[in-house]
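Participant: Top to bottom, those sequences are chains A, B and C.
Residues in the first sequence are numbered from 1 upward in steps of one, following this note's numbering.
Residues in the second sequence are numbered from 1001 upward in steps of one, following this note's numbering.
Residues in the third sequence are numbered from 2001 upward in steps of one, following this note's numbering.
Hints were generated in silico from the structure; no laboratory data involved.
Please note: incorrect hints may appear among the correct ones.
Dumping the calculated PhoX-like pairs for lysine-lysine here, alpha-carbon to alpha-carbon at most 25 Å [as the list claims (entries may be wrong)]:
1. 1036(B) <-> 1070(B)
2. 155(A) <-> 107(A)
3. 1125(B) <-> 1142(B)
4. 1287(B) <-> 1303(B)
5. 85(A) <-> 4(A)
6. 1195(B) <-> 2055(C)
7. 1287(B) <-> 1274(B)
8. 2055(C) <-> 1204(B)
9. 2003(C) <-> 1345(B)
10. 1180(B) <-> 1195(B)
11. 85(A) <-> 67(A)
12. 2003(C) <-> 1337(B)
A few chain C positions that, by computed beta-carbon distances, are all more than 12 Å from chain A [to be verified]:
13. 2007
14. 2015
15. 2019
16. 2030
17. 2031
18. 2048
19. 2173
20. 2176
21. 2177
22. 2180
23. 2181
24. 2187
25. 2195
26. 2248
27. 2253
Far from chain C by the CB rule (all over 10 Å, computed), these chain A residues [as the list claims (entries may be wrong)]:
28. 22
29. 53
30. 75
31. 76
32. 80
33. 84
34. 89
35. 100
36. 113
37. 148
38. 171
39. 242
40. 259
Keep in mind the model is a prediction, meaning the values are calculated, not measured.
For glycine and all other residues, C-beta sits at the position ideal for the given N, C-alpha and C.
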Amino acid sequence: MGKKLIELQHIQKSYNGTQILDDLNIYFNENKFLTLLGPSGCGKTTTLRLIGGFEKPDSGQILFDGKDITMLPPNERKVNTVFQKYALFTHMTIAENIAFGLKISKKSKAYINDKIKYALKLVNLDGYENRSVDSLSGGQQQRIAIARAIVNEPKVLLLDEPLGALDLKLRQDMQYELIRLKNELGITFIYVTHDQEEALTMSDTIAVMNQGYIQQIGSPEDIYNEPCNAFVADFIGDSNIIDGVMLADKLVSFLGIRHACEDTGFGQKQPVDVVIRPEDIELVAPDEGFLSGDITSVIFKGVHYEIEVLSNGFEWLVHTTRFFPVGAHVGLKVIPFNIQIMHKPESSDERAVGLDA
Amino acid sequence: MKRKILSAFAAAFLLGALTGCSGGSDNSLVVLNYGKYLDPEMLELFEEETGIHVEYEEYESPEEMYTKYKAGSIDYDLACTSDYMVQKLIGEGEVLEMNYDNIPGIKNLDQTYFEFSKAFDPENKYSMPYFFGTVGILYNTKMVDAFEVNTWDVLWDENYSGQIIMENSVRDSFMVPLKKLGYSLNTTDENELQKALDLLIDQKPLVYAYLVDESSDEMVAGNAAMALVYSGEAAAAKIYNKDLDYVVPMEGSNMWIDSWFLPKTCKHAQNAEKFLDFLCRKDVAMKNFEYVYYATPNLEVYKALDKEVQNDPTIFPPHEVLEDCEVLSSLDDDSTKLYNDLWKKLKSN
Amino acid sequence: MRKLKRQLCAGPYIVWIIGFTVLPILMILYYAFTTPEHRFTLENVLSIAEPIHLKALLLSVRLALECTVLCLLLSYPLAMILNGLKIKRQSFIVFIFVLPMWMNFMLRILAWQMLLSNNGIINSILQALGFSGVSILNTPAAVVFGMVYDFLPFMILPIYNSLVRIRSDVIEAAKDLGASNMIVFFRIIVPLTMSGVISGVIMVFVPALTSFVISDLLGGGKVLLIGNVIEQSFMQGMNWNLGSGLSIVLMVFVIASMAFMNSHTKETEGTAVW
């Protein structure tokens, strides 16, 4: 359910001799909040800029609603962008900033005035029409940048790490604002960030990227609970990743022990990565767990304790709300459902996967 | 705050003392002269022979000389300038009487030129002639025929539009139409001057440029057909470009005499007299003549020259020509203002 | 002791300012408002209204305006091209433009004399190509040439500096909102470079207005600018009072222009030329 609004096919892009994107294929459905997530240099911003028209691919096509827009300049594309550093026009008032796109579309004065009022109300900055750009705080400027973009009623809104320069509280507030906006306006949001928490909070779909390749596409729960490779597992949340061997379906061995798990189809005697989330490990009496070890560090994180346990040469990361002293000898326990099995990464995988809501 | 002002004044005094330093020791001489008007080797020779150190200053125009002198920051012992400027300074009481007895070498100079000097130094009390000459037309024989330049009218000939150079100096350029109209070049009559101005305004579209020192360079380079120049410049130009020749038109012209005098500020009169005597010496005067190439009043030098040079009318104007010439005399303030206003009218036209 | 040291360090500066700026201006003011007989008068300053002086002033204004407009028309595209080249070391660009100024100003103007004269290089090339020669030297056109040549760097540098300061994402934002290149230029780039343009205009117009050397050398004595009138008053007319009076009038002009500039440039965007 959902129409492919934007599609990138076989995109190649290199810059100064470095290959940024290599045969990238991805599509974005209508009316969804879609996030490109990855570390610096993974190609997510480049992908966004290709959609916006600020870069042209070396080869490949970009389709918008079925039409080829690869060669269209940015001013002819029905997308609008919210930039990382806001990029407001400092020589214009707030009202003039917001009205900029509308004036170019030759909308009537009355229409423009209405739209300005509407947009300012939408971002909770009523009455700011005649203020100057530098009289606004960072958060306010970001909201004006958003207002300026959405007032043109684009089908797609591109957001390039727009919350990066804000402090934590403000960022969190803005995240909720953005979700609210998306629901009110009913337009597609394509969001770029390196902050996985942000991505998990706001997105309908996340595409995790690394080194120019898409690692995994899925809903936040899928990505978090069932990472398909070590990179994703490591990037999203914390993980314990151990070398293991798949003995048979639903049976895996690692660190000298055998354990039941729920994954099948990995073959027999295949080397695999075993992923267990820290919050899925329970600390019990040494003989009640599948492994035992000594606690080497305890850090209070507010939400939980972050405890490191050294066992069989591997440092396990455990999140628990109970306190344990350093040096205590404990057992580790986990239910089979929470053990993730992943193929070992040979080279970078990528696939284009369409997702229904 | 007090300390600040004090230190500022102290520094200012120091600066003033340094710059005000002039004419230093006893064995020195401060001389003011036209640019390129004295062979520098002669200065060295004078120092060698007498041990007197010469501080030599130069200027471009008599008006600049007047400004420099009046500014008073340097006390000049000896100066050389043109006739009318000497007259003006004499009139203002700025000139000391010259003691000719202390300058024995003066006997080398042709007395005729002292006669001519009476035009600005009526009693021959104040000056000693240095170089003299005429103002005339330097022309390119390949572009202009000799008979054409016999009259000032040629400078209004439309065939030579854009090929005529005039002097960028008030008196010299006004002299031409005044002579053409038969008036005196020292006139202060407004009507006559207005008529002269009208002629100059008519001429302006034909003029290539109003230049001072660059006139002869331009003629040598072949950039113009004719130029109003001093006879000395013309003589030098002829050496560099064989196509050039010089003539003083029949309506008459200006004869100029540059003379030495002792300004009121003279502190080393004895050294000045020694210097003047030195200049009159045959070998020194000869060297200076070869350097400057203007007509020298020094008879000994004249006698020693080739017949060719002696008879060159460009360098040594024949007496008939000189008789038709007038010497410039200085004007009073009102007339100066009148001339300058008319000159401005011409330039802004 | 420290206080004294500090004051002594400021000493030379104070001497310089008093000796070479304050005192001369006071002297000029004195001459401007007195007659040669040391009586107070306004006639020197009011003489600017005399037809000749007015004519010279208007000619100066006209040539200065022509020079400024030409400089602007040449500099803006050049600055945009330079900016587009995205050369990493901007200090290098500044260096290239400042370099000719290290050579003697008179020599460069004299070089133009040679280039423009009837037998000069430009005419030789034109004639070799079969065109008739152009007689530019000793006309107001030659003077404007010389002025443009001399003052061009003062226009290019402030404009270039203000162009470089425009962030590329602002341009991208404008395009993103639907602006064509034309609109980007007129609605974004031009307004954001306006302070640089005004800076450049003042830095060209003021010296052009007061110049007299260029008109001397390239105008062949036929182009009488207000600067020439003042020079003449001092050097040939020996009327220091008139010259000072006219100088005061010019000074007022210059101060007015600079006040105008100050009111139009934003405090934060002080566009330094260097």
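Participant: Evaluate each hint against the coordinates.
Facilitator: Going down the list of hints, with the structure as the test:
1. 1036(B) <-> 1070(B): Distance ~22 Å between residue 1036(B) and residue 1070(B) Cα, so the pair holds.
2. 155(A) <-> 107(A): holds, 18 Å
3. 1125(B) <-> 1142(B): violated, 47 Å
4. 1287(B) <-> 1303(B): Judged against 25 Å, a Cα distance of about 14 Å means the pair holds.
5. 85(A) <-> 4(A): Violated, at about 30 Å.
6. 1195(B) <-> 2055(C): holds, 22 Å
7. 1287(B) <-> 1274(B): holds, 18 Å
8. 2055(C) <-> 1204(B): The hint holds at about 17 Å.
9. 2003(C) <-> 1345(B): With a Cα-Cα distance of about 59 Å, the restraint between residue 2003(C) and residue 1345(B) is violated, given a limit of 25 Å.
10. 1180(B) <-> 1195(B): OK: residue 1180(B) and residue 1195(B) at ~11 Å, within 25 Å.
11. 85(A) <-> 67(A): violated, 31 Å
12. 2003(C) <-> 1337(B): Since the Cα atoms of residue 2003(C) and residue 1337(B) sit roughly 55 Å apart, the hinted pair is violated (cutoff 25 Å).
13. 2007: Holds, since 40 Å exceeds 12 Å.
14. 2015: holds, 42 Å
15. 2019: The assertion about residue 2019(C) holds, with a minimum of 43 Å to chain A.
16. 2030: holds, 46 Å
17. 2031: Given that every Cβ of chain A is farther than 12 Å from that of residue 2031(C), nearest at about 46 Å, it holds.
18. 2048: holds, 39 Å
19. 2173: violated, 4 Å
20. 2176: violated, 5 Å
21. 2177: violated, 4 Å
22. 2180: Given a closest Cβ separation of 6 Å, the condition is violated.
23. 2181: Check fails; 9 Å does not lie beyond 12 Å.
24. 2187: Residue 2187(C) is in fact no farther than 12 Å from some Cβ atom of chain A, at 8 Å.
25. 2195: Its Cβ does come within 12 Å of chain A, the nearest being 10 Å, so this is violated.
26. 2248: Fine: 38 Å to the nearest Cβ keeps residue 2248(C) off the interface.
27. 2253: holds, 30 Å
28. 22: Per Cβ check, residue 22(A) is outside 10 Å of chain C; nearest 25 Å; holds.
29. 53: violated, 8 Å
30. 75: Residue 75(A) not clear of chain C: closest Cβ-Cβ about 5 Å, inside 10 Å.
31. 76: Residue 76(A) not clear of chain C: closest Cβ-Cβ about 8 Å, inside 10 Å.
32. 80: Check fails; 6 Å does not lie beyond 10 Å.
33. 84: violated, 8 Å
34. 89: At roughly 7 Å from the nearest Cβ of chain C, residue 89(A) sits no farther out than 10 Å, so the non-interface label is violated.
35. 100: violated, 5 Å
36. 113: Residue 113(A) is indeed farther than 10 Å from all Cβ atoms of chain C, at 18 Å.
37. 148: Violated, since 7 Å does not exceed 10 Å.
38. 171: holds, 20 Å
39. 242: holds, 44 Å
40. 259: holds, 51 Å
In this structure, the hints that do not hold are numbers 3, 5, 9, 11, 12, 19, 20, 21, 22, 23, 24, 25, 29, 30, 31, 32, 33, 34, 35, 37, in rising order.
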